[in-house]
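S.K.: In case you want the letters, here they are:
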Amino acid sequence: MRPESRSLLSLSLLEVGQLVANRQVSPVELTEVTLERIMELEPTINAFITVLADEALQVARAHEQMIMAGYFLGPLHGIPLALKDNLYMQGVRTTAGSKILADFVPVADATVTARLKAAGAVIVGKTNMHEFAWGGTTANPHYGPTRNPWDPSRFPAGSSGGSGAAVGAREVFGAIGTDTGGSIRLPAAVNGCVGLRPTIGRVSNHNVVPLAWTMDTVGPMARTVADAAAMFQIIAGYDPLDEASSTAPISDYLTSLDRNVQGICIGVVPTYFFSHLQPAVHDAVRAAIETLVATGAQVVEIDIANIDGNISAQLTIESAEPSTFHQRWLRERPQDYGDDVRILLEMGEMYLASHYLQAQRYRALLRNEFISAFNQVDVFICPTLPFVATPLGATTVVIEGDEKEDMLSAIMQYTGVPSLTGLPALSVPCGFSPDGLPIGMQIIGKPFAEATVLRVGHQYQQVTSWHTREPDLHA
Amino acid sequence: MEPFEDDVIARLEQIADLSLSATERRLLAASFRPLLLAANALSKKMSDPQYLSISPAFRFNHLDPEEVQT
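Listed in order, the protein sequences are those of chains A and B.
When the letters of the first sequence are read in order and numbered with the working numbering, they come out as residues 286 to 760.
When the letters of the second sequence are read in order and numbered with the working numbering, they come out as residues 102 to 171.
Some clues are possibly wrong.
Quick look at which bits of chain B chain A covers, simulated, 3 or more residues with Cβ under 8 Å [to be verified]: (1) 118-128; (2) 132-139; (3) 145-153.
Calculated from the model, a selection of chain B residues having no Cβ within reach of chain A, i.e. all distances over 10 Å [what the hints assert, rightly or not]: (4) E103; (5) D107; (6) D108.
Derived from the structure by calculation, the hints contain no laboratory data.
Where is the CB? At the ideal position from N, CA and C, for every residue including glycine.
Chain A on its own, in the form it takes in the complex:
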């Protein structure tokens, strides 16, 4: 790859978007260097299930003509992006990482897909994911595992592992993921990029293959918070095709980024979020909070009395709902699921209705406690997950001492809280382990306060440079 192409790929979405707007770079050139990078790295990273080379170049040429004719659609115009492969894209196979949907070709876009297309984005491919989004490792038995660009012997987390790895490896300028129990935030953290889980209902789930109806969200993954805000501005907002989407008005997420954090009150729950971590994660997130304090924020320690039930509630709900969706396939084609997902789906059928309803009642209890706490704080900050990327194929993880813990329960310890409470949560790079593996912090906000969580994350990135580091991947 030419050095000047590699330097283009190091720019942020907004930076390269400005070059496109100024006609200094063509969407065709951007798409060509993106596709070249994808082809070079895919044997190592395996972030994509489907690469749309010819289609993307065709679209890029059309956008080039539009821009030359004076029609500019905005910061995403002509920018190569990727979609997680559970978002419908008209005429393009949408597998959801599964064998069961391997040949499924939608006749219509997801609303998010359509909005990105209307904004001029160039969709270069559909990214790999944990099968049906029901897992956190992207160890996909049908399309191969995705690998972490910072250390390809390690996992990219999941379920949006392909999107996270593609952004982290500078294969694309941004990607869309989905998040039920942490599936945007976890890969964002371990791949060294930004990921936003929006408030439940803020972004349409129309024509997205569901995992758990009451917890599913769609959100951006990008190199910087500002990039994520630009993508979020396009996809957020009410959708009449998704009756669960909210009519609450959207904000101007980009303009509000530049307000400083003077007076912002950060809540910390030390007894839960900082009690069981790998030391490097603990130190990095604590240091990040101190950095924000140095820029004018304040910290308040908060006790959330009933936070300890959240993992059980999340697993109950996130088991029962997918199992219901998959009932027919699980009986007709059980052999076509990967072993891990099949076992989870079978298990989800064994909870009692009362277990599910009690978990949903607990959800209301936990949400009420957080809403009450927001009378004292503006955001909560905690680690995104308690450990750094584990070796590929690991089903257990060591957090403290020698004790091996089940991967699924361990990985969702901190991401589960916003998932259950429906609150927006942003993962932002905040450091690296001694082994050079990325660490992410999670900024949790009030309902529909994405502007605030994005602003806190952006202001943090104005005084730090973790997000500018790139993995050492020489093709």
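Fit chain B to the supplied structure of chain A, relying on the hints for placement.
M.R.: Here is chain B on its own, set in the frame of chain A:
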């Protein structure tokens, strides 16, 4: 709760109208037990009289703007 025997899973399998292999029954017997213990504990907690007024939190139709605290 005693460790599950395979027949516990077999009975659940029958109720759910599933068809499992012996290996799957063994895997599920080991995996499901701790989750069931936790779910039972949460159910017991939420059955406490102080929480009687709380209804399930699934909202398929979303919060109205005036319900939103920003």
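S.K.: Closest CB-CB distance from D107/B to chain A, is it above 10 Å?
M.R.: 13 Å, holds
S.K.: Take the region 145-153 of chain B, compare each residue's beta carbon with every beta carbon of chain A, and decide whether three or more fall closer than 8 Å.
M.R.: holds (count 4)
S.K.: Mind checking, does the region 132-139 of chain B have 3 or more residues with a CB under 8 Å from chain A?
M.R.: Answer holds; 5 residues pass the 8 Å Cβ test.
S.K.: For the region 118-128 of chain B, count the residues whose Cβ lies under 8 Å from any Cβ of chain A; is that count three or more?
M.R.: holds (count 6)
S.K.: Grab the minimum beta-carbon distance between E103/B and chain A and tell me whether it stays above 10 Å.
M.R.: At roughly 17 Å from the nearest Cβ of chain A, E103/B sits farther out than 10 Å, so the non-interface label holds.
S.K.: May I ask you to check that D108/B keeps its beta-carbon over 10 Å from the closest beta-carbon of chain A?
M.R.: Label holds. Min Cβ-Cβ 14 Å, cutoff 10 Å.
Violation of the numbered hints given earlier is absent; every hint is satisfied by the structure.
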